[in-house]
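Chemist: Listed below, chain by chain, are the residues.
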Amino acid sequence: MASAEETTRTDSAPAHDDRERRALGWMDRLLALSSLGLCALFAYTVLAEVSPEWGPLQREYGRLLAVDPSGKGARAPRGIQQIHVQPLELVDRCTSCHLGADKPRVASTGTRAVLAPHPGSMLELHPPERFGCSSCHDGQGRATSREKAHGREANWAEPLLLGRFVQASCAQCHARASAPRAPDLRVGIATMRRRNCAGCHVVPDLDEDRRFGPDLGRIAEKTSRDWVFAWLKRPAAQLAGARMPDFGLSDREAASLVAFLFSVPPPPRPPAAPVAGKGAEAGRALFSESRCITCHAVQGKGGTLAPELARVGSKLARPWLEGWLRDPKAHDPATIMPRFRLSEEQIGSIADYLGEEFEDEDAERWQRAAASALARDREASAGDGRKLALHYNCAGCHSIADLRPAKIGPEHTELGLKPVARIDFGAKASLPRTRLAYLREKLRDPRGFSKGLRMPRFDLSEEARESVLVTLLSFKDRRYPASVRAAGERRPWHGRPPPGPVGELVRELSCLECHALDGRGGTLAPDLSLEGSQVERPWLARYLAQPTTLRPSLTERMLQLRLRADEVGLLVEYLVAARRADGVKSARELFGAAGAPDPESALHGRRIFHERLSCPSCHATPHGARGYLGPDLSAVGSRLQPGWIYHQLLDPVRARPGSIEPRLGVSPADARALAAYLATLRAPPASAPTETSP
Amino acid sequence: MGQQLRGRASLWRRTRDRVLASQLWRSVIRHGYPDENRNRILVIISNIFLHLHPARVKRHGVKLRYTWCMGGLSAFLFFVLTVTGVLLMFYYVPDTRRAYQDMKDLEHAVLFGKLMRNMHRWAAHAMVVTVILHMTRVFLTGSYRPPREFNWVIGVGLLVLTLLLSFTGYLLPWDQLAMWAITVGTNMAEATPFLGAAGPFHELLGITKHNDIRFALLGGTIVDQNALLRFYVLHCIALPLIGAVLMAVHFWRVRKDGGISGPHGKLPKL
Amino acid sequence: MIRALLLTVALASAACRAAPPSPGQRSGPTVAGLEGAALYARYCTSCHGAQGGGDGVNAPNLDPRPRLHRDPAWSRSRSDSALAAAIRDGRGRAMPRFGRTLKPHEIADLVAGLREIAEKGNRP
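Chains as they are written, first to last, in the working numbering: chain A, 1 to 694; chain B, 695 to 964; chain C, 965 to 1088.
Keep in mind that the hints were calculated from the coordinates and are not lab data.
Model, not experiment: these values are computed from the prediction.
Please note that the accuracy of each hint is not assured.
[Claimed, not checked] Covered stretches of chain A (in silico footprint by chain C; criterion: 3 or more residues with CB under 8 angstroms from a CB of chain C, positions within the stretch not fixed):
1. 120-131
2. 612-619
3. 622-635
4. 663-671
Glycine is no exception: its CB is placed at the ideal position from the N, C-alpha and C atoms.
This is chain A alone, in the form it adopts within the complex (with noise of 0.2 angstroms):
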């Protein structure tokens, strides 16, 4: 090489000059192709530029415009186009392609769905030039180009949301659980509010502060080893709809924990002796008296608020379940099961019938296979059982020994815009790598990424699933001003009783597990906020008592809860005195000086009623109509004040606004009417009981 050298500076001019002469020509040719190729680039470039993909979209819209018999004289728009919301300080480009979306249909864009206009009502509801397309579809909405507009490249965190997913930013603005027009939203959160996933997880929407799963203070009292193993073992094969996740635990670990459980001492309870009662029979009555179906499902009819009773007589010891029938909330201060008033033979009673009738068949084979493995599992040690408890989080659900909840999963809070880059997709590689796949097969198959993961197993339908996806990604929070948040806040999961005697009462029955006061409580039964301005004295004293069915078709009805008379009147007296409506009409103002309603207009109402309103398709009177769905009228006007009903007549939305009872547009006059002959409907005295005996 150095001679090489050596030479190219001494050699003389000819030899030299050829050698340069062919080196540059080499030069000269990559230097020519290059420069081609730089052209061609900047051809590409140009070109490119000059022939965005909107471009013959909007061609083909004017086209399609032009010879569209409705849209005469409407032009097609030319050029990029753009929705510019300042508040939000959003840009969407969205309608360069989907030109019609916010126009009326033009007839003959035919099956091009992208110049259809946007389906349903939603735009109506949320116009674009408030909220922009992005605020709700996620995507790039300032790209111009299909595949980035629709956020389909690297690192674009924000994907298109289609179909069900859309509702996924409802909550961003709405209350998850009551978002109108967002059915999985609201499937999603009540889902993981009875699933509990705020036991591990920090999750919006789901911030109380509250034991879900029962106090294991007891569990030595309350049932066997057997039983408490092969729960653990497999929750949902014990009981049909468990809440409880399965843990995948070993025969080892579930005999630790099992072990664990029965070493903590219970709590002191006050003695009590065993009580006899007059047998199944009697029970099965009680049972059916006292309206327990519309909390619990028997054989899965009957309620969702509390635990499936089929097998529970396989399951409970007889001492604890009288305990727990004479006072739930003694055994356990959480639970909602109310306090009803059964004497020590009706407790007896129901226990019977409960041991006898519920039993389990299948309880032979997972008492046999649980002895067994704990027999196996003799050096199973509370220590260990203790470690697992604190490694699962037990106390996330349940209040055992010492043990403190802790929020050992990722928070919640930001997870629908996690970058994927973030996911640890582990084992299961072949994933598509996209933040939904990641979450279905999360929920799927929660351990199946790497070893040492502790999530459970929740067996949710495939349904539900996609309902608590939608929830899942809905865990955004751009942070929009108040100006296009919607109104209301989110109904708190939790009534608040009223203070007072009054409201330990409340307390003590459970009642806003159902019912609901000021917006806040249940929503199973109806809202009493206004109960005192509805229903007439003596017919609430009756009910308190003795509940009778209002609504014959639904399943769950009001509890018989046995109420002591005093009790029966502080109720009557706080409602009656506390919960009034604004301008309802007294019966006087109603019906004059003599506060009745006069035959004359009692028969134009029977008219009106039966003849000119589809009031028979829902109600029964006893003049003919015969409708199962709304309430029986038959005693209606012992039950309801006139006055009530001329207001809920004239409006019945606004007046009840969780009815589905349309608004029929009925006038003053046909209301008066209306509610004079309802009034006239009244209960043969004979039949109704007196106001003390309970």
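Add chains B and C to chain A, keeping to what the hints say.
Modeler: For chains B and C alone, kept in the frame of chain A given last:
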């Protein structure tokens, strides 16, 4: 036909002579037609743009394979970066709420915005490469040796400026990559001895998190609006200005130190 | 020959009508259908049945019996505006009017929901 051509040629000659003799022409162009050495030299030295080049070039100066033109390419890329950078400045606002959106607008809605941005980005990457290759060549050919040792030092300064320009430009898109690159980069600065709050000996100068070199770079303790504005000003004004001055010195020294280096004189003894 | 021709035409026209109106609908319910389904569940199921079978809990008490919605042929014979009018103004004495309870856009969504329920009746 022939007559006509001749007529046209003489018309052209007459017009040319008249223009060349006019006062307007002579007030601007001070030299004759460059068909002799003196005029050729005059063409170069009487023009502000051309005089950056030497009037005489050594024979080896046009041989590409000695220098690979890396210095010239670096200067050319700096020119490209200046032009595209100024164009980008018309659309870019260094505001944390707008910076990223402006980037997206440049990409999607501004005519040739994508071209400008891509040119700026690729030229920036290319400039780092060419500057390093340039220095490698200078080192391997021993061109840093006297009398060019001072220019080598200027060159090192220009390398640092090139890297700083690249680093400051990295934050401006205000995306995740930018955020974390600058977070990492300034955290490294925090470990500087004496001047960084996490570096050794910082306590000797009373350096804390709130007065160290990182704070100076970011205008605070986190990467936020102050950092964005600081980096923007550094990237668009301070660093290019210093770079331009150093480049002027660099080119001037090349001329003063005997022109572009070439395979003459002794090779460095290795 | 003529019979074969008529049959072909009839089949072709049937195929055209059965074809979904837009490719977007093939993958699942439209947004309108989704919202309509929620409204349907709230206001209609107790008489018309959850699946549109005309067999809701309250159906046996009604005269005339509620309309069977899970019937594609019936659905295609009614225009959107006729369905909307029936919901808005009620039908006969049994079906109440919902025009003062539901907003026009909600009725439109409900009609879209009805269409999807009807198409479901097509499938086994």
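Chemist: Each hint should be assessed against the structure and marked as holding or not.
Modeler: Results for each hint:
For a cut-off of 8 angstroms, the count of residues in the stretch 120-131 of chain A with a CB near a CB of chain C stands at 5, and the three-residue condition holds. By the rule of at least three residues with a Cβ nearer than 8 angstroms to a Cβ of chain C, the coverage given for the stretch 612-619 of chain A holds, with 5 such residues. Closer than 8 angstroms: that is the beta-carbon criterion, and the stretch 622-635 of chain A has 4 residues meeting it against chain C, so the requirement of 3 holds. Coverage of a stretch by a chain is defined here by at least three residues with a beta carbon nearer than 8 angstroms to that chain's beta carbons; for the stretch 663-671 of chain A and chain C the count is 3, and the condition holds.
In summary, the structure agrees with every hint in the numbered list given earlier.
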